[in-house]
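Colleague: Starting from the two chains in their separate frames, assemble the complex, guided by the hints.
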Amino acid sequence: MVRVYLELSVLISLANPLDLLHSQTRNFMDELRTFGFEAVSCRQAVEMDLAIELTRRPLRVGDALRILEVMDAYEIRLLSLNSRDLLLLVNEYLGETSLKFGDLLHYAGATLLNADYLSSWNTDDFNERTEESINNVNVRRGLKT
Amino acid sequence: MGHAKYDLEVAAVSSVDIAKQIHEDIDQTMRGLSVEDQEIVLREAQNIVKSLRRIEQIASKAKTQA
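Chains as they are written, first to last, in our numbering: chain X, 1 to 145; chain H, 1 to 66.
By construction, these hints were calculated from the structure, which means they are not laboratory data.
Keep in mind that the hints are not guaranteed to be accurate.
Which stretches of chain H does chain X cover? Using the computed rule of at least three CB atoms under 8 Å from a CB of chain X, they are [unchecked claim]:
1. 22-31
2. 40-51
Straight-line C-alpha distance at most 20 Å; calculated SDA-like pairs for lysine to any residue [claimed, not checked]:
3. H/K50 with X/E69
4. H/K20 with X/N91
5. H/K63 with X/E69
6. H/K61 with H/S51
7. H/K50 with X/I67
A virtual CB, placed ideally from N, CA and C, is assigned to each residue, including glycine.
So here's chain H without its partners, still in its complex pose (with noise of 0.2 Å):
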């Protein structure tokens, strides 16, 4: 059940626990890098982002037409 803490599905999740861990991991992306690829990095995090928001966009317009 390790990933159970990242779910946040599941019953008694603590947001601290969460948003500690992702911090981390940013961290471990991050750190050494320059400051272009660290750039680099946040533009390519935008473009996750923007294609998650399409991708809900679609899928909610198909539900609707269905």
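Next comes chain X alone, as it looks inside the complex (with noise of 0.2 Å):
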């Protein structure tokens, strides 16, 4: 089964009818299903997505609980990883990128859970320029690419 790695502000869209980019990110929703694709994500990384801005941020509680319930809603796998292998992995990316470490644990996910394919809205930071950067990590390390 092919398997597509959601990133946060996939997760963010998807959560909020108001947002700009919800309605296409809930067609996207639907072709994965509609094609059988399995939509994962890294229980780490959007586990520290969440905490962070609500202790950092007047991110309000409800917003990150809405997240958690579409992610059930439509049925978002959140795989947890070892956390040391996942850390340890971010932090080789981040000798051979600008990325941010939150980025960097969506990536780090990604790879670790062998995703086909990783989508995001932040075209900026998830692009074939970075995904060079991530791969020539994950082609030292012998993982998938």
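Modeller: As structure tokens, then:
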């Protein structure tokens, strides 16, 4: 089965009907379902996203809960990884790219979960150029590119 | 209105801007920590989300009973 990894921007837009990309995200999710693709995300990366934002910024509890609810509703699987493996990979990526730690948690999650595709609306940080830097590390470590 | 961009119920919000800000905040927290400390932060984040889910379950139960 084709495994598609969903990054935070996709989850946020799916959870909020007023988001600029909400309808496109719903259509995208419907297409994934039609093709029988598996939608996944990394538990640690998503939990970090939600927790940091709740503690440091005024993201409301209800907004975070809605993100968790839509993940259940759309059968997006939150898969756990070994935290140390995940962090060691993120720290190795940090030496190759100027991306933020939060972005790299998702890149590392997608890699270690053997995702076939990574989907994001944030094309500034998730694009072919950054993917090349990530894949340089993955090739060295014999991981999926 | 500095907080508006974080409020998912404000019209015309951009998931991209919100996600970028969140990932920048994570960067400020995690970069420079030892892997051991980063592991602790991930574990605490998990606890926060667990508590959040538990609060929601209790609140839903209370609403159903009312």
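Colleague: None of the hints should be skipped; say for each whether it holds.
Modeller: Taking the hints in turn, this is what the structure says about them:
| no. | hint | result |
| --- | --- | --- |
| 1 | 22-31 | holds (count 9) |
| 2 | 40-51 | holds (count 8) |
| 3 | H/K50 with X/E69 | holds, 13 Å |
| 4 | H/K20 with X/N91 | holds, 19 Å |
| 5 | H/K63 with X/E69 | holds, 17 Å |
| 6 | H/K61 with H/S51 | holds, 15 Å |
| 7 | H/K50 with X/I67 | holds, 14 Å |
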